[in-house]
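Undergrad: Sequence:
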Amino acid sequence: MADWYLWAWILCSTMTLVVLRCSVLKRRKGNGISPTRGESVKRVLAGNGECRSADGSDADVIIVGAGVAGSALAHTLGKDGRRVHVIERDLTEPDRIVGELLQPGGYLKLIELGLEDCVEEIDAQKVFGYALFKDGKHTRLSYPLENFHSDVSGRSFHNGRFIQRMREKAASLPSVRLEQGTVTSLLEEKGTVRGVQYKTKDGRELTAFAPLTIVCDGCFSNLRRSLCNPKVEVPSCFVGLVLENCHLPYSNHGHVILADPSPILFYPISSTEVRCLVDIPGQKVPSIANGEMTNYLKTIVAHQVPPEIYDSFVATVDKGNIRTMPNRSMPASPYPTPGALLMGDAFNMRHPLTGGGMTVALSDIVVLRDLLRPLRDLNDALNLCKYLESFYTLRKPVASTINTLADALYKVFSASPDQARKEMRQACFDYLSLGGVFSTGPISLLSGLNPRPMSLVMHFFAVATYGIGRLLVPFPSPKRIWIGARLITGASGIIFPIIKSEGVRQMFFPATVPAYYRAPPLK
Numbered sequence: 074m075a076d077w078y079l080w081a082w083i084l085c086s087t088m089t090l091v092v093l094r095c096s097v098l099k100r101r102k103g104n105g106i107s108p109t110r111g112e113s114v115k116r117v118l119a120g121n122g123e124c125r126s127a128d129g130s131d132a133d134v135i136i137v138g139a140g141v142a143g144s145a146l147a148h149t150l151g152k153d154g155r156r157v158h159v160i161e162r163d164l165t166e167p168d169r170i171v172g173e174l175l176q177p178g179g180y181l182k183l184i185e186l187g188l189e190d191c192v193e194e195i196d197a198q199k200v201f202g203y204a205l206f207k208d209g210k211h212t213r214l215s216y217p218l219e220n221f222h223s224d225v226s227g228r229s230f231h232n233g234r235f236i237q238r239m240r241e242k243a244a245s246l247p248s249v250r251l252e253q254g255t256v257t258s259l260l261e262e263k264g265t266v267r268g269v270q271y272k273t274k275d276g277r278e279l280t281a282f283a284p285l286t287i288v289c290d291g292c293f294s295n296l297r298r299s300l301c302n303p304k305v306e307v308p309s310c311f312v313g314l315v316l317e318n319c320h321l322p323y324s325n326h327g328h329v330i331l332a333d334p335s336p337i338l339f340y341p342i343s344s345t346e347v348r349c350l351v352d353i354p355g356q357k358v359p360s361i362a363n364g365e366m367t368n369y370l371k372t373i374v375a376h377q378v379p380p381e382i383y384d385s386f387v388a389t390v391d392k393g394n395i396r397t398m399p400n401r402s403m404p405a406s407p408y409p410t411p412g413a414l415l416m417g418d419a420f421n422m423r424h425p426l427t428g429g430g431m432t433v434a435l436s437d438i439v440v441l442r443d444l445l446r447p448l449r450d451l452n453d454a455l456n457l458c459k460y461l462e463s464f465y466t467l468r469k470p471v472a473s474t475i476n477t478l479a480d481a482l483y484k485v486f487s488a489s490p491d492q493a494r495k496e497m498r499q500a501c502f503d504y505l506s507l508g509g510v511f512s513t514g515p516i517s518l519l520s521g522l523n524p525r526p527m528s529l530v531m532h533f534f535a536v537a538t539y540g541i542g543r544l545l546v547p548f549p550s551p552k553r554i555w556i557g558a559r560l561i562t563g564a565s566g567i568i569f570p571i572i573k574s575e576g577v578r579q580m581f582f583p584a585t586v587p588a589y590y591r592a593p594p595l596k
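Per my numbering, the very first residue in the sequence shown carries number 74; after that it's consecutive.
There may be inaccurate statements among the hints.
Said to hold, decoys possible - List of simulated lysine to aspartate or glutamate pairs, EDC-like, C-alpha gap at most 20 angstroms:
(1) Lys-199 - Glu-219
(2) Lys-573 - Glu-306
(3) Lys-272 - Asp-131
(4) Lys-357 - Glu-306
(5) Lys-392 - Asp-168
(6) Lys-371 - Asp-391
(7) Lys-371 - Asp-208
(8) Lys-552 - Glu-462
(9) Lys-274 - Glu-166
Calculated directly from the structure, the hints in this document are not laboratory data.
Sequences are here, hints too, so could you generate the full structure?
TA: The structure is reproduced here in structure tokens:
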């Protein structure tokens, strides 16, 4: 196995260099704002270059959206002494079926931001790893937490409860103003975003101005088109259920069932509730209204869940409280824009299979906080924009590792009629079942505890090599050799397009990007 591992390292290094050589890195023009401007941007004129909010208040930063990213960012910047105006469309408690699992790496970022108490008093459950099920077999993958404080683990909870705690924490700071309103457009003057136009809860049209506007309005963002090149893909949809008083085979663990046609997830969200997410490939799901969904869950899905969960699963389906949502993936492709910045799901998305979204968002906030801390004045929009280009490079190793793992793992875990893909799926399960470095390495990546791009590529091709070894031992045949060849090319076809969309240079060699070394403006 050691020889295969070495060979995998050589192979992935060679292929990475080939991709680096062949890939053409796209470059944006100068201050590149999208050539086609939509209704999300309006031009505004201001006398003597000064802008003031309609209510006379002043802010250093406007944050659009108070979800996980917006609330955490508001608290972080407010704690640093910034005057922050947060505008959120709906301040009531959200009710979502995702954003409920925070990986240990994300929890460490929460501690770094001083927000760890936001998982308290919401009946959040500690998560210590995953259980993986396939064809009646199962294996447990524990997070490598030996070198961390005993409180460090994953956390699972009701998304809305967590967000409300974060909003309360942000609003408790005197420098943070949290307001309910719907932002309809960004206000622009001579290519620089000066603020926003928004509609209040009582229907008034107002404007707000600040040197920096940060858009965190989520996966359905109506503002991002003017700030990035959104290439949104919808590879699948989740069907969400909540199982009550259900005992999972492994307590305090997430459960992943490698089902047909695609994975099924179970994890606790309170002391009495378990979230079930059934993945359905494509954008079309069976109708809930006419009973097609109930039939699908009972005939196609139910027999694939572990026996310990079966009765609770069927009873929950019969109750009929079924919800669906599309799963989106979108690489970060920003237009550096003076006066504005994108963050959270409005900026970057990955398949939610691995629960990495909140970890990426919190990691991004730590990077941005550290960049803004040396700055006393944010009013020099052009120099600030140039300086913050480093944000896009500094975030890449962590964000790209989690993004690539999520999208690649979804493709590997999904069933396929192709024999090479079947072998890759089985090889992945068997590789993780080996234990030792073969499980702790990948789970360190998934948990956000060791998000290193080269480690990801190494383990991915080690899995492919392990799969080839299974085919060729003890007696290779022409058919098995052919399947093995298709397995390695198929693995390359999964991971390299994702890496290319993330940016090879920024992901693997960020220190070679000039923006990596940007110094703060002198002013």
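Undergrad: Look at each hint and say if it fits the structure.
TA: Against the structure, the hints come out as follows:
1. For a cut-off of 20 angstroms, the pair hint linking Lys-199 to Glu-219 stands: about 15 angstroms separates their Cα positions.
2. For the given pair, Lys-573 sits about 16 angstroms from Glu-306 by alpha-carbon distance, which is consistent with the 20 angstroms threshold.
3. Of the supplied pair hints, the one linking Lys-272 and Asp-131 holds, its CA atoms being roughly 18 angstroms apart against a limit of 20 angstroms.
4. Taken as a hint, the Lys-357 and Glu-306 pair is honoured in the structure, with Cα atoms around 14 angstroms apart against an allowance of 20 angstroms.
5. With a C-alpha separation of about 19 angstroms, the suggested pairing of Lys-392 with Asp-168 holds against the 20 angstroms cut-off.
6. With a C-alpha separation of about 9 angstroms, the suggested pairing of Lys-371 with Asp-391 holds against the 20 angstroms cut-off.
7. The hinted pair formed by Lys-371 and Asp-208 meets the criterion: a straight-line CA distance of about 18 angstroms does not exceed 20 angstroms.
8. With a CA separation close to 50 angstroms, the supplied pair Lys-552 and Glu-462 exceeds the 20 angstroms bound.
9. Note on Lys-274 and Glu-166: the hinted pairing holds, with a Cα-Cα distance of about 16 angstroms set against a maximum of 20 angstroms.
Consistency with the previously given hints fails for number 8 only.
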